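A.B. asks: Here the protein sequences come in this chain order: A and B.
To get the working numbering, take the position in the first sequence, counting from 1, and add 158.
To get the working numbering, take the position in the second sequence, counting from 1, and add 147.
Rather than coming from a laboratory, the hints here were simulated on the basis of the structure.
On a predicted model such as this, the values are computed, not experimentally measured, just so you know.
Incorrect hints may appear among the rest.
Stated by the list, open to error - Capping the alpha-carbon separation at 25 Å, the derived lysine-lysine pairs in BS3-like fashion look like this: (1) 191(B) x 220(B); (2) 284(A) x 224(B); (3) 246(A) x 365(A); (4) 210(B) x 220(B); (5) 166(A) x 236(A); (6) 283(A) x 210(B); (7) 236(A) x 246(A); (8) 224(B) x 283(A); (9) 191(B) x 176(B); (10) 224(B) x 191(B); (11) 210(B) x 284(A); (12) 380(A) x 365(A).
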Amino acid sequence: MSQFILHKENTRGHANHGWLNAHHSFSFANYYNPERMHFGVLRVLNDDLIDGGMGFGNHPHDNMEIITIPLAGAIAHKDSMGNSAVIKSGEIQVMSAGTGVSHSEYNALADEQLNLLQIWLFPNKKNVTPRYDQQTLNVEAMHNNFQQILSPNADDAGVWIQQDAWFSLGKFDEGFETEYKIKKAGNGVYAFVINGEVTINGQTLSKRDGLGIWDTESINFKANTANAEVLLMDVPMELN
Amino acid sequence: MQTTILYIGRDTEITNVMNRLLNARPEWKGLCVCTDEEAISILKTQEVDIVLLGNGINPACEKALRENISALKPGIKIIQHYGGGSGLLYGEIMTALG
Chain A
159 MSQFILHKEN TRGHANHGWL NAHHSFSFAN YYNPERMHFG VLRVLNDDLI
209 DGGMGFGNHP HDNMEIITIP LAGAIAHKDS MGNSAVIKSG EIQVMSAGTG
259 VSHSEYNALA DEQLNLLQIW LFPNKKNVTP RYDQQTLNVE AMHNNFQQIL
309 SPNADDAGVW IQQDAWFSLG KFDEGFETEY KIKKAGNGVY AFVINGEVTI
359 NGQTLSKRDG LGIWDTESIN FKANTANAEV LLMDVPMELN
Chain B
148 MQTTILYIGR DTEITNVMNR LLNARPEWKG LCVCTDEEAI SILKTQEVDI
198 VLLGNGINPA CEKALRENIS ALKPGIKIIQ HYGGGSGLLY GEIMTALG
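Construct all of the structure, not just a fragment, from the sequences and the given hints.
C.D. replies: What follows is the structure in structure tokens.
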């Protein structure tokens, strides 16, 4: 029988540093809640608002798969692998930190706020060679469809990461219904509502709510409002 | 009461970051090293509450390290640190202390 955990948006950790207004679905930085440490290998889901020109100076990472999805605005990235890029709304960036990489992330626009999701997964293999990638998302394919934007396979749609995880993103018309089949036995799905109101397996979710479901093979989805936008993260429930 | 945390990594830059972070809080004392030998030497001479394993330690070294540490300090908490001095650190320490 399926199990679920509901994370209402106002139960997220929150830190407002002025230039950075951050909401954490799971424990991060000074936000510590032993009940909110991870969902399977999904360890971090941060929803950051960053003022124009501001950001995070050079800092290191290792042994995490780091996915960044700008929801509005653009982020300027530079890393120790020599990558230098701007990632805009409508694009996705991944960084396999592996043995270690350092990078900086700044709002690329001086007078516009940047809103991004930053998502960290535990990898299925430690100490890999660090890797960077970014891709433009097929926004049209997301209309009334959970379009795959990330997978474990370099040959599959979207970017790839060092983990048996699949991410899908969709934008839905009011009343649209569908079923999402979990990609691998042992995986669960964490749904994050970027916009609108939806119902998933009988649970009504509003903007920035999160719902984790596991011990099931599929989930039922309905968009209750126009322009409902949802990110599905299909992830192993066991740390490997 | 101050918690003494021994961090063992391989990357000098990350180890330096960890040293800064672990010593930034008055309730923590951080000891950060890049070699297993230094780590064992510290454990033989100082009280340590938590051991954090950082990046770059190969599986064989990690296995030997865990065995040696556990033999020296039975029951000491040894936890994997993810992220290289990232926002996960506080949660990892608090979970270990809990």
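A.B. asks: Confirm or reject each hint.
C.D. replies: Hints versus structure:
1. Distance check on the hinted pair: residue 191(B) and residue 220(B) sit about 9 Å apart at the alpha-carbon level, within 25 Å; holds.
2. Between residue 284(A) and residue 224(B), the direct Cα distance comes to roughly 20 Å. Compliance with the 25 Å bound is thereby established for this hinted pair.
3. Of the supplied pair hints, the one linking residue 246(A) and residue 365(A) holds, its CA atoms being roughly 21 Å apart against a limit of 25 Å.
4. Between residue 210(B) and residue 220(B), the direct Cα distance comes to roughly 15 Å. Compliance with the 25 Å bound is thereby established for this hinted pair.
5. Of the supplied pair hints, the one linking residue 166(A) and residue 236(A) is violated, its CA atoms being roughly 34 Å apart against a limit of 25 Å.
6. Between residue 283(A) and residue 210(B) the alpha-carbon distance is near 16 Å, which keeps this suggested pair within the 25 Å criterion.
7. This hinted pair checks out: residue 236(A) and residue 246(A) have alpha carbons roughly 14 Å apart, not beyond 25 Å.
8. Restraint check: the Cα-Cα separation between residue 224(B) and residue 283(A) comes to about 23 Å, which is no more than 25 Å; the hinted pair holds.
9. The straight-line distance between the Cα atoms of residue 191(B) and residue 176(B) is roughly 17 Å, inside the 25 Å bound, and the hint therefore holds.
10. For the hint linking residue 224(B) to residue 191(B), the alpha-carbon distance of about 16 Å falls within 25 Å, and the restraint holds.
11. Straight-line distance between C-alpha atoms of residue 210(B) and residue 284(A) comes to about 14 Å, which keeps the hinted pair within the 25 Å bound.
12. Taking the CA atoms of residue 380(A) and residue 365(A), the gap is near 14 Å; set against the 25 Å cutoff, the hint holds.
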